[in-house]
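Participant: The opening position of the sequence shown corresponds to residue 0 in numbering that gives the first Met the number 0, with each subsequent residue numbered one higher.
Because the hints were derived from the structure by calculation, they are not lab data. In this text, a Cβ means the ideal position worked out from N, Cα and C, and glycines have one as well. Check the hints yourself; a few may be wrong.
[Claimed, not checked] Capping the alpha-carbon separation at 27 Å, the derived lysine-lysine pairs in BS3-like fashion look like this:
#	residue 1	residue 2
1	Lys17	Lys4
2	Lys17	Lys148
3	Lys146	Lys19
4	Lys134	Lys146
[To be verified] Taking CB as the label site, the calculated pair distances span:
#	residue 1	residue 2	range
5	Asp153	Gly116	36 to 42 Å
6	Asp141	Ile117	20 to 26 Å
7	Thr133	Glu154	31 to 37 Å
8	Leu8	Asp142	36 to 42 Å
9	Lys4	Thr133	40 to 46 Å
10	Asp32	Asp153	37 to 43 Å
11	Glu154	Val75	17 to 23 Å
12	Asn9	Glu78	17 to 23 Å
13	Asn9	Asp142	33 to 39 Å
14	Asn140	Ile117	18 to 24 Å
15	Lys132	Leu15	36 to 42 Å
16	Arg2	Ser98	16 to 22 Å
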Amino acid sequence: MNRTKEQRLNELSEELSKFKFIYEGRVRFAEVDSYRVVHNLQYFYWLETARIEYLRNLNIGLNNISLINELLFMSVHAEIDYFNVAGFDDEYQVLTRISQIRNSSFSFRNIIRLKNGIILVSASATLTHVDPKTKTPKRINDDLRLKIKNFEGDEVILID
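Based on the sequences and whatever the hints tell you, model everything.
Facilitator: See the structure below:
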């Protein structure tokens, strides 16, 4: 079934209440293209920044050492749907949540909207926790699972 843009935006509006973390930013001049709108690739950078800030918000020790030696996550899937455009100096919000935790991976859901509420994009990404030495999937530790579960509550699905 093909849904219209309006139907999809209505569905996303209903999903907004599930998000407990919001990262805010402002479009910089370097992020717009010759059409004076944010270049499509920039949204992925905003999503990555929001994911890092989300984890930092949960007091997960992110630093140069931990990101190399302990908490190595690799993106294995990302998708994005574009609905509206942003331009230079627009203020935006990246709503971020973890929707699912599996044995060695978790799934992020994001909505990027202008500060006035206009939805720009909907996105999802799956990150896999890997062993820093072998680069093979490694179970997400219970402490991290608990922090996410405590923050997200019933909105996160745990699958082992």
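Participant: Hints the structure violates: just list their numbers, smallest first.
Facilitator: Hints 5, 6, 14 contradicted; others consistent.
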